[in-house]
Amino acid sequence: MAVAAIHSGGIAEHIHPEPQGFVRRYVFSLDHKIIGIQYIITAFVFFMLSGLLAEAIRTQLLNPNGGFVAPGTYNEVYSVHGSAMVWLVIIPLLTGGFGNLVFPLQIGARDVAFPWLNMLSFWIFPVAGLMLFSSFLMGAPTAGWMEYPPISLQGAAGTSMWCAAIFLVGVSSTITGINFVVTILKMRAPGMTFTRMPLFVWGQFATAPLLMIATTALAAALAALFIERQFGVPFFDPTKGGSPVMWQHMFWFYSHPAVYIMILPAFGIISEVLPTFARKPVFGYKLIAFSSMAIALLGFMVWAHHMFTSGLAPFLQLPFMILTYIIGVPTGIKIFSWTATLFGGKIHYSTAMLFAIGFIGLFTIGGITGIFLAAIPFDLHVHGTYFIVAHLHYVLVGGSLMGVFAGMYYWFPKMSGRLLNETLGKIHFWLFFIGFNCTFLPMHWLGMLGMPREVATYDPQFTFWNRFESVASYLMTFAILIFFVNVLWSIRNGRRSGPNPWGARTLEWQIPSPPHYYNFKHVPTVYGLPYDFSQPLPYKGLEEELTDSPPPVAAGAH
Amino acid sequence: MVERTAQPARLGRGFWVVTAVLAALAVAAIVFCYVFPLERYLPAAIVTARQVDDLIRFMSATGSALYIFVAGYLIYFAIAFRAKASDAPDAIGVQIHDNRKLEFWWTVIPLLFVLVLSVVSVRIWYEILLEPENGLVVEAIGHQFYFSFRYPDINGEVTDEMHIPLNVPVTLNLTSADVIHGFWVPAMRLKNDTVPGLVTTIRFTPRLAGRYPIICTQFCGVEHSEMDKQVLVIEDKASFDRWYKGWQQKNARASNALPGASGQAIPLQGGDVAAGKALFSQKCTACHKLAPFNQTLVGPGLEAVLHDPAHPDLVNGKAANPADVASILENGYTGSMGAMPSASSNGLSPQDIANLVAFLNTLK
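Sequence lines, in order, name chains V and W.
For the first sequence, the residue numbers in my numbering are 92 to 649.
For the second sequence, the residue numbers in my numbering are 19 to 382.
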């Protein structure tokens, strides 16, 4: 077969010798699996820091007149919380983290297309993260993660630091996007056609162009804001001829697609976990795959639905409302397909599966309120209130973060060779699920009744529900502590997993855990979709993977 | 070997029982959404608020019905199809890959629903947009950290409460003197941002007397949280007229320019016409022509600005006078004619302002 010959003689068999020495292996590594784990560890460190900021927010809101921190400090706290959770936690976890770790294995590649770029893109990320948190030293940004000018022009010096940090994260994202697109287009194993790719790969394939294209708009906006703040060139200041609304267009032209950057890979994780533990194929493979692409495409055409109160002409607003409604259709298709995947299954309740099912239940709430918010008359009421806070946390915590946890429990054995403790895992799931709903569900009601977002003090009529939410958020934090304890304990003491503890059928589970440096002894040939449990595995060339046969010959001297 | 393939799944009796229960729950949720007394918690102060409430009812009824079915089947499948102790360890589910008919319908039905929702929401949105245009004109200006209001026959700004008469259509022009604020009255189910340099308009007709909080919904600085203390008062015509007269008297001597940062009038004696003319060509001609008012460059033409009876009032109610012009030069202007920078961003000293006013005063 010509295709196979090209692959086995060409890119795929180009193997470099495994590096020796701690630094080249684990610090400045070129190995996509190590880089993925580096992303995950770094992002979870930032997750802890911004989680503490979240608890500072909830502690402040225990009382209607605040009092935990000064209002100015409070504004810094929620601004950095939002920015860090979006750019330093969810996006790196789902793209750089799980993306790097898993999808090259799933397409039968030995690495990503550009390992050096991959290392560069990782090492930009912790630097940018430290820059963002160091902005506290010089007065952190206060205008939320959106930093609308002109108020962000008045912000302390840390706002410029914020611009630089987010700009750098954007560079890292863009590089990752390019890398993933090229890898998926060029480095699939022979026989791995597009319609045989696992759905997690489809999720990354839909996300990567968003990273590549949308992030450039953000970079331009951040550069402009930085230049205006530092050198006074008036892009946004209306008293000097700038346009504050232009920032909103540029920001949301990135940040709406960014919502899909944060959810499409999580969709991919769910689409892997559900069939594995239901012991049956995912329902409607093609529709799930294509709906991801449809969401990615439509995601570029709806940004102004964040700006219905910004004074746009009505005829400009109308298409954004309708297009946003239409995004509900491919999203609905996914939700229906996942639900149907459970039908007729033999469901095994691992923690990963609990998180996957919880994801469907919670993300659907965020999706439905998203449709509500697209309706202009309703948005004119609740825009800028706690209804928005509730909606976005149902999508990003109930959706993306639940997806991350599903992925952690599912792929932890592939990273470490050990299983996470399932008892602690189930406690983690239930406490988190209950704590999350009690924290964020009442916010819908508060927002409808008149509680604006980004406030350090509030109307005393809302005291009861705010206290309720704060207490529930402590439960959530406790659940996450259990998760960290579980990870730290299991990494040394967890039960050994073997190559395939879940009986999963995608390629990454057919090789040892953790995989060898070169991933596959021989690049396999793929004959079909992985998901049919009644068929033999659709791969050839994997016979030696779990034996002691020698590794492939390194041919990297050049 | 134990048989590992499950029996072909059929929609058994359990499925239809669950479906019936979910349908009953969905109907209950729809009824609940339609009978829920939302106005008891949040009064509907203007006419269109009730239409927004109708939309809220429609969306939450359909949304919760949909959610009940999704979550209900999810939970039912999750329980009914769990692996049991009696199953072989390698038992597998029914290998269903897809079902064209089902997928067709769950694509088409949501699309039809999108169509219905579009029609419903566009209709209600048009009701909001098509409120009468010839109503009482009020201007609300966002400041750090309060709103001020301007009325056609009141000089200067009203700074405590915003009053409007019952059942009289209102055209509310919104702008800001500094950063973006959000002007939200929850009881109106309506808000808009106040954007500096931009005037946006909302129109409504009050239908219910009362005092309703005005809340800022766009982060605007360190005291943003405190920017919820002002109220919108809807009252009968007689009370409104009393309040209006009171402010007319109170503000009889107020300037119509924006309130100053310094708060002190700039002395205009000794302005040098020649210096003002030179300064005008340096600093002002980028935006202002020496031409009739309606020849706008960025700002209006300034020919005979202080002496032309046809020149419209600079700000509500009063013909332009040197003190107002000086105040605008010092503090800037934001309003229906656009935005003009303040002296601090233009780099104008008090003497510069006096010179410019002296020059403008010579244009006849």
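To be clear, the hints were calculated from the coordinates, so they are not data collected in a lab.
Where a beta carbon is used, it is the ideal one built from N, C-alpha and C, also for glycine.
Among the hints, erroneous ones may be present.
Negatives, chain V to chain W, calculated, CB over 12 angstroms [said to hold, decoys possible]: (1) Ser243; (2) Leu244; (3) Gly333; (4) Tyr376; (5) Gly402; (6) Gly419.
Derived pair list, reagent style BS3-like, types lysine-lysine, alpha-carbon separation capped at 30 angstroms [said to hold, decoys possible]: (7) W:Lys102 - V:Lys331; (8) V:Lys331 - W:Lys307; (9) V:Lys277 - V:Lys517; (10) W:Lys247 - W:Lys263; (11) V:Lys331 - W:Lys119; (12) V:Lys612 - V:Lys331; (13) V:Lys631 - V:Lys612; (14) W:Lys119 - V:Lys377; (15) V:Lys377 - V:Lys631; (16) W:Lys247 - W:Lys268; (17) V:Lys517 - W:Lys102; (18) W:Lys382 - W:Lys307; (19) W:Lys301 - W:Lys382; (20) V:Lys277 - V:Lys377; (21) W:Lys301 - W:Lys247.
Report the numbers of all earlier hints that the structure fails to satisfy, in ascending order.
As far as the earlier hints go, 1, 2, 3, 4, 5, 6, 7, 9, 11, 12, 21 are violated by this structure, in ascending order.
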